[in-house]
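Protein chains: 2
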Amino acid sequence: MSNPQDRLHQPTLTTHGIQPENQETPISFLSTNAMSSELFFKRNHFSYPTLTYSNYWLPINGLVSTPKVFSLQEIVKLPSKTIKVALECAGNKRSLFEPKTFGDQWGKGAISQGFWTGVPLTTLLEATGMNANAKEILFEGYDKGKRTDLNNEYSYSRSLPLEKALDPDTIIAYEYNSQPIPFKHGYPLRLIVPNWYGMASVKWIKQISLISSEFKGPYQSVDYVYYPNKENDSGAFPVTTVNVNSTIQQPVDRDIMNTGTHVIKGIAWTGTGKISKVEVSTDQGETWFDAFHEPPNGSYGWSSWTFEWSVYEPGEYTLMSKATDSFGRTQPLEPFWNRKGYGYHAIDQVHVKIE
Amino acid sequence: MSNPQDRLHQPTLTTHGIQPENQETPISFLSTNAMSSELFFKRNHFSYPTLTYSNYWLPINGLVSTPKVFSLQEIVKLPSKTIKVALECAGNKRSLFEPKTFGDQWGKGAISQGFWTGVPLTTLLEATGMNANAKEILFEGYDKGKRTDLNNEYSYSRSLPLEKALDPDTIIAYEYNSQPIPFKHGYPLRLIVPNWYGMASVKWIKQISLISSEFKGPYQSVDYVYYPNKENDSGAFPVTTVNVNSTIQQPVDRDIMNTGTHVIKGIAWTGTGKISKVEVSTDQGETWFDAFHEPPNGSYGWSSWTFEWSVYEPGEYTLMSKATDSFGRTQPLEPFWNRKGYGYHAIDQVHVKIE
Chain W
1 MSNPQDRLHQ
11 PTLTTHGIQP
21 ENQETPISFL
31 STNAMSSELF
41 FKRNHFSYPT
51 LTYSNYWLPI
61 NGLVSTPKVF
71 SLQEIVKLPS
81 KTIKVALECA
91 GNKRSLFEPK
101 TFGDQWGKGA
111 ISQGFWTGVP
121 LTTLLEATGM
131 NANAKEILFE
141 GYDKGKRTDL
151 NNEYSYSRSL
161 PLEKALDPDT
171 IIAYEYNSQP
181 IPFKHGYPLR
191 LIVPNWYGMA
201 SVKWIKQISL
211 ISSEFKGPYQ
221 SVDYVYYPNK
231 ENDSGAFPVT
241 TVNVNSTIQQ
251 PVDRDIMNTG
261 THVIKGIAWT
271 GTGKISKVEV
281 STDQGETWFD
291 AFHEPPNGSY
301 GWSSWTFEWS
311 VYEPGEYTLM
321 SKATDSFGRT
331 QPLEPFWNRK
341 GYGYHAIDQV
351 HVKIE
Chain D
1 MSNPQDRLHQ
11 PTLTTHGIQP
21 ENQETPISFL
31 STNAMSSELF
41 FKRNHFSYPT
51 LTYSNYWLPI
61 NGLVSTPKVF
71 SLQEIVKLPS
81 KTIKVALECA
91 GNKRSLFEPK
101 TFGDQWGKGA
111 ISQGFWTGVP
121 LTTLLEATGM
131 NANAKEILFE
141 GYDKGKRTDL
151 NNEYSYSRSL
161 PLEKALDPDT
171 IIAYEYNSQP
181 IPFKHGYPLR
191 LIVPNWYGMA
201 SVKWIKQISL
211 ISSEFKGPYQ
221 SVDYVYYPNK
231 ENDSGAFPVT
241 TVNVNSTIQQ
251 PVDRDIMNTG
261 THVIKGIAWT
271 GTGKISKVEV
281 STDQGETWFD
291 AFHEPPNGSY
301 GWSSWTFEWS
311 VYEPGEYTLM
321 SKATDSFGRT
331 QPLEPFWNRK
341 GYGYHAIDQV
351 HVKIE
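Chains W and D supply the protein sequences, listed in that same order.
Numbering-wise (the UniProt record's numbering), the first sequence opens with residue 1 and increments by one.
Numbering-wise (the UniProt record's numbering), the second sequence opens with residue 1 and increments by one.
Chain W on its own, in the form it takes in the complex (with noise of 0.2 Å):
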């Protein structure tokens, strides 16, 4: 009764499907410094694999001088870097699109971010070689199980560009936050791939191999990949880089508030160099005011902005954000819809009423 646990407010994640388990963040209600693994979105496309510690290897085979089997003691030992990392599902706000789309209908919250420790790809490429013709790395999860659409078991397995792969930040990552990587978000070892959607960033690696050619795996030929076009798959292409994006956290859509002066606060990302602007507009996209954003810190993680909103004339009040990248790219008015519903960037709204 007096115990004061009894009147702590805790988030919890929001659920879209349990088998296999899907969950977003209550993105309007973190505290964005301190992003426990607890409130980190999942995203699984099968039942949770079975793997034990005890019997875990690391094989990195095809087309290398010397195909390696790594110890988890082994790759602990390298040398490791850690690297603050926002992790944005492709089909993050998904819900918003018009007309809707289907799969999980995740709203603005399956993007997570917290920092994660691991070794570099390419530490572990020096060790086994690469020979001239590899063109792809391909990683295959622990995850597995059968699609509606296609009738054999599929391993979860994507791969990467070699540039993309040898990027000195893309890391085979054992630690979030300073601890063993939680088993749901990819333990012992997950691929961390900053800068793309989340799907690359393939959890429980079962494998590395380095092939010749381009993968078609479901995962990244079915799945994954924008379609402009409901009836036909003409114009596709392949999800990769995430894009210039923001979310109002506060206030939430169809708030009722006072009259008076608020702060309005939200993050803003991109997966191209560095958030260079996030603007506001309280009046509809009539006219935007610069917010007040985090400056650039080097890291792949999301900026916190905050604007000062003072407001006395009651009504109702559309509310909308704007991201720019130091590429000069900008979040679209309208969304650009695609069959399965990736990639939503369009400029974010929020609608309240003032009393």
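Under 8 Å between C-beta atoms, here's a sample of chain D residues computed to sit facing chain W:
#1 H9
#2 T12
#3 T14
#4 T15
#5 E21
#6 D253
#7 N258
Hints listed in this document are in silico derivations from the structure and should not be mistaken for laboratory results.
Keep in mind that this is a model prediction, so the values were computed, not measured.
A virtual CB, placed ideally from N, CA and C, is assigned to each residue, including glycine.
Given chain W, put chain D in place with the hints provided.
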């Protein structure tokens, strides 16, 4: 790693607000026969109140023969009853209204059920007696605070007309599922008003007063009123009895499924009589089939229902559910739009894609 707990799928509440705390039940992912208090939706108007168990007394005053102050010990010694009640927030499904209304955007999970144990209010009133001019019974909660539209501080208070207050199943509850009511759900004493929307079931009861006039507090004369018009208050009438309603729990909206046989499952409930029929359509309302539903069992809980659907033609389908109760009330195709977004009970819809 090999801890099987790691692989449990645990849906949790979906957060709409934390100050005050408003969270909904993950209704699609419930095993409906075991509804723990952890999954019970939370709907608060204010911060949680401060009250101390050691000091707790329940005064009943106003138009009574003998005002009394009951101790908890006295109350739990009185003859009790246990009733299964589904409590539904008046704002359940608010997010489905078009045009959208302001306030928390509840999905389909602002409804929960379980077993409430307590003393019929009539038992306590037999001890105090009632004056002939008593017209309503007023319940004040310990929760209080300011509203955006008014200047003073208000306690959360609501009245019941005498005939509803004296219903033998209107109880002063002290247990939920055979345990003390969790603090966030109204400990130590909560009013339970079966068949009315949840706003009537006042939590953290501070006092009960018998009054001779119609109570006009803001949670009765401003909020929890149906306003059929956007621009003015004409035609307004109070929110009381729960509408006949149903929800498809599985599949969830925008699911992608295989051809074959699927079980469509859901719940149906009403504030008048019993659920007498649940119908399902898989062709957007062209044809309807009876679903199998639990027989009426004398409780105020929901009826679970299932329908086996065999589908062999790939494509997009709209699944619908429609409940009818023993008073002949049935769900309309179009919702009754009202400015504050209460009592949504249109035929439920889920869109799926068959591959």
